[in-house]
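Trainee: Residues per chain are reported as follows:
2 protein chains.
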Amino acid sequence: MTEVEPLTFKRILLTIDADDPSANEAALRYAVTQAKTFHAELGICSVLEGDDINIYDSLTPKKLDEKRAALNQVIDHYVTMAEDFGVSDVTAIASEGGDIDDEILDTIIPNFKPDLLVCGADKDGEHHFYSISVKLAKKAKISVIVVR
Amino acid sequence: MTEVEPLTFKRILLTIDADDPSANEAALRYAVTQAKTFHAELGICSVLEGDDINIYDSLTPKKLDEKRAALNQVIDHYVTMAEDFGVSDVTAIASEGGDIDDEILDTIIPNFKPDLLVCGADKDGEHHFYSISVKLAKKAKISVIVVR
Chain A
1 MTEVEPLTFK
11 RILLTIDADD
21 PSANEAALRY
31 AVTQAKTFHA
41 ELGICSVLEG
51 DDINIYDSLT
61 PKKLDEKRAA
71 LNQVIDHYVT
81 MAEDFGVSDV
91 TAIASEGGDI
101 DDEILDTIIP
111 NFKPDLLVCG
121 ADKDGEHHFY
131 SISVKLAKKA
141 KISVIVVR
Chain R
1 MTEVEPLTFK
11 RILLTIDADD
21 PSANEAALRY
31 AVTQAKTFHA
41 ELGICSVLEG
51 DDINIYDSLT
61 PKKLDEKRAA
71 LNQVIDHYVT
81 MAEDFGVSDV
91 TAIASEGGDI
101 DDEILDTIIP
111 NFKPDLLVCG
121 ADKDGEHHFY
131 SISVKLAKKA
141 KISVIVVR
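If you read the protein sequences in the order shown, they are chains A and R.
Heads up: the first sequence is residues 1 to 148, going by UniProt numbering.
Heads up: the second sequence is residues 1 to 148, going by UniProt numbering.
Don't take each hint at face value.
Chain copies aren't distinguished; within one or between two, either way the pair holds.
[Unchecked claim] Taking lysine to aspartate or glutamate and the EDC-like style, the derived pairs with C-alpha atoms no more than 20 Å apart in a straight line are:
{"#": "1", "residue 1": "138", "residue 2": "102"}
{"#": "2", "residue 1": "141", "residue 2": "25"}
{"#": "3", "residue 1": "62", "residue 2": "20"}
{"#": "4", "residue 1": "141", "residue 2": "20"}
{"#": "5", "residue 1": "139", "residue 2": "103"}
{"#": "6", "residue 1": "141", "residue 2": "3"}
{"#": "7", "residue 1": "10", "residue 2": "83"}
{"#": "8", "residue 1": "36", "residue 2": "3"}
{"#": "9", "residue 1": "138", "residue 2": "20"}
{"#": "10", "residue 1": "138", "residue 2": "25"}
{"#": "11", "residue 1": "139", "residue 2": "89"}
Keep in mind that the hints were calculated from the coordinates and are not lab data.
Next comes chain A alone, as it looks inside the complex:
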């Protein structure tokens, strides 16, 4: 009889939707529980989506800086919650790109090198971030969990 070796994740990347806190809650809870229990490193990322930056905003650097600052503030809040939960190694990752899933797959994952990607899902069905979770589940080369 084959003996089964345990499998735990050592570098967990939690991706959050800065515009939809309810979609993130369960994912955050799962990610910090796993990271604390198994002593994993936790990265928390969010992407300032290209669509969030409309043409008017892109013409005013001040507006763009405001959006970036707001994103960083949201991520920092999640980092603090994770640290308060007891996760010792938490990294904030703010990024921006035209497509959230491409940014995560092509830039954030190669840089942070997680072995598990944790995504939330919109409970109510059609939401662009929900379909992003499914795209990530399909295209990522690493394990992906959609937490509902």
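Chain A is already provided as a structure; the job is to place chain R on it using the hints.
Mentor: For chain R alone, coordinates are given in the frame of chain A:
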């Protein structure tokens, strides 16, 4: 600052492809590690796919029984591995249906009532079971992990 509550899964359903052991290994390791660590109940299911039963076979009850017995044997092997790992509550679930994902979503999940579905993925890309994992990640109302 909001305090984060832990999130653990209490009823884990591992779905295995009886025809592709390599796709199951990481998923099994993850599922038993989670179930043992968090004292979760574990269900292990596999579906005898409609396509596996060709017309000739369906005309001979003996052949169909042989396929069912083979499927049960595979599932029982996984159950034994899980129990040897130290998971105390393991349930074998054998099923059959035209579409594997529909059978899981419409029959197995409502019966077993898991809060987490664990799927493997074909490392080499295009394999019907890989696309089943993504379909399940999309359509299931519960958390789904694709373990690679």
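Trainee: Are the hints correct? Go through all of them and say.
Mentor: Verification of the supplied hints:
| no. | hint | verdict |
| --- | --- | --- |
| 1 | 138 x 102 | both (12 Å within a copy, 18 Å between copies) |
| 2 | 141 x 25 | between (25 Å within a copy, 16 Å between copies) |
| 3 | 62 x 20 | neither (24 Å within a copy, 55 Å between copies) |
| 4 | 141 x 20 | between (26 Å within a copy, 19 Å between copies) |
| 5 | 139 x 103 | within (12 Å within a copy, 24 Å between copies) |
| 6 | 141 x 3 | neither (26 Å within a copy, 32 Å between copies) |
| 7 | 10 x 83 | within (17 Å within a copy, 25 Å between copies) |
| 8 | 36 x 3 | between (26 Å within a copy, 15 Å between copies) |
| 9 | 138 x 20 | between (22 Å within a copy, 19 Å between copies) |
| 10 | 138 x 25 | between (22 Å within a copy, 19 Å between copies) |
| 11 | 139 x 89 | neither (27 Å within a copy, 33 Å between copies) |
Of the numbered hints listed earlier, those contradicted by the structure are 3, 6, 11.
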